[in-house]
Structures are given as structure tokens and as C-alpha cells.
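> All chains, please: the whole structure from these sequences, using the hints.
Here are the chains, one letter per residue:
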Amino acid sequence: QQPVQSPQAVILREGEDAVINCSSSKALYSVHWYRQKHGEAPVFLMILLKGGEQKGHEKISASFNEKKQQSSLYLTASQLSYSGTYFCGTEFQGGSEKLVFGKGTKLTVNP
Amino acid sequence: GAGVSQSPRYKVAKRGQDVALRCDPISGHVSLFWYQQALGQGPEFLTYFQNEAQLDKSGLPSDRFFAERPEGSVSTLKIQRTQQEDSAVYLCASSLFGQVIYEQYFGPGTRLTVT
Chain H
1 QQPVQSPQAV ILREGEDAVI NCSSSKALYS VHWYRQKHGE APVFLMILLK
51 GGEQKGHEKI SASFNEKKQQ SSLYLTASQL SYSGTYFCGT EFQGGSEKLV
101 FGKGTKLTVN P
Chain Z
1 GAGVSQSPRY KVAKRGQDVA LRCDPISGHV SLFWYQQALG QGPEFLTYFQ
51 NEAQLDKSGL PSDRFFAERP EGSVSTLKIQ RTQQEDSAVY LCASSLFGQV
101 IYEQYFGPGT RLTVT
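Chains H and Z supply the protein sequences, listed in that same order. All residue numbers in the first sequence are consecutive under our numbering, ending with 111. All residue numbers in the second sequence are consecutive under our numbering, ending with 115.
No incorrect hints appear here.
Not everything, but these chain H residues come out facing chain Z in the computed CB check (under 7 Å):
{"id": "1", "residue": "44"}
{"id": "2", "residue": "87"}
{"id": "3", "residue": "91"}
{"id": "4", "residue": "97"}
{"id": "5", "residue": "98"}
The hints are simulated quantities; they were obtained by calculation from the structure and are not laboratory data. None of the values given here were measured: they were computed from a predicted structure. Ideal placement from N, C-alpha and C gives every residue a C-beta, glycine not left out.
Below, the structure written as C-alpha cells:
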């Protein structure tokens, strides 16, 4: 039931773009994206509800494909501050009232 | 205006000892979640409170784990007779409303090492 994130790791140069995917085998009600820097608390990025919604947050945006039960996080013109591990948390349809997180995607942005 | 705080930040316990981990959520937040995060993994759900009511404890690994939030604010996660596999970072998160679709604010975590 744990969502699958891909890729596991990505290395970018500052200014490059990246896409992180999160796929579920179960029908989703919402997808949550968080970023965690080493030794720190996860920080909220955005929530997407079922319906194919796309949201944006500065140069970070995300989409939710209900047909595929997949969400993608888009990071454009990456900055050094984007480095960290990105987690998707999924809420399954049926109101489970809890998030199931993926294993994370480690993003490194180099100068 | 402070965020979620957790104490202690680090805890070393000998195998078999009991430990208590504290979480102070953001004032007024209805929901409180506990997660366990192993090294290199995502947070794994342990339990969920809405005010003082524990609505879901399906993620607690064994009956050695117990959580409470008696007055609907501060929460304590207690682990009895700690085992080496309990070593992990324990994260607490709170949310303003009583549904999981809202943003969760995480604390810095307590790193538990069982020797």
C-alpha cells in the first residue's frame, strides 16, 4: 500500500528542472508533498485532492492524475535551497484519516 | 507562535528500559499524529488523536507502544521494554482541523537509540 516514488535520487545543477513521481496501487483521495532536510522536520509543500488538480508554490508545482493514481512534483529552475528529500503522503479513498508516505526522493542541487 | 516542539531531542535507552517522548503541538490544533521514521525511510504512521480522543492506533507496532493526549493538547508516546528495533526518529505532527486533508506541521523529532 506504500506509494512508490521515482526516482530514488536525483542530482541537478542550479537552474535545472526535475520531476518526482508518486504512484499508488490503491485509489487515492489526496496526495501531500513534503520536503525534509537532513536532521530537520518535514516541511509542507502542497496538498492535491482527487480531480486532476494542479497546484503551484513558487517554482514548485504538482499535478494529480486520478486515472493513473499518480502525482508528479515539478521543480523548475532549481535553487540550492531545494536540496533535501521529498516525500509524498497518500490518503486513500474511504477516509482512512492517515497518510501513508513513500520512501522519498533525495534531491541534490549543486552550484 | 512557536511551532511543534518535542522533547527530548535525543534519547539513549538500554534494551528493556521504558521511555516517554513528549509532543507539544501548536496551540489550538485539533489533530495530532505520531510517526516513526527509520533511517532513509519516510515517516510511518503510528497513531492519531482528534482532541483527546485517540481515533486510530492501527500503526502502533506492538502493545509495548502506548500514546495519550489527556487534555487534548500535549501528547506522550510511551514505549515499554524497549527493543533495538525501536531505534528510530519519532515525529509528532499537528493540524488545525480534524481531517487529514489539511496541512500537518511536524516537530523536529526525538531520535531514540536503543543499545
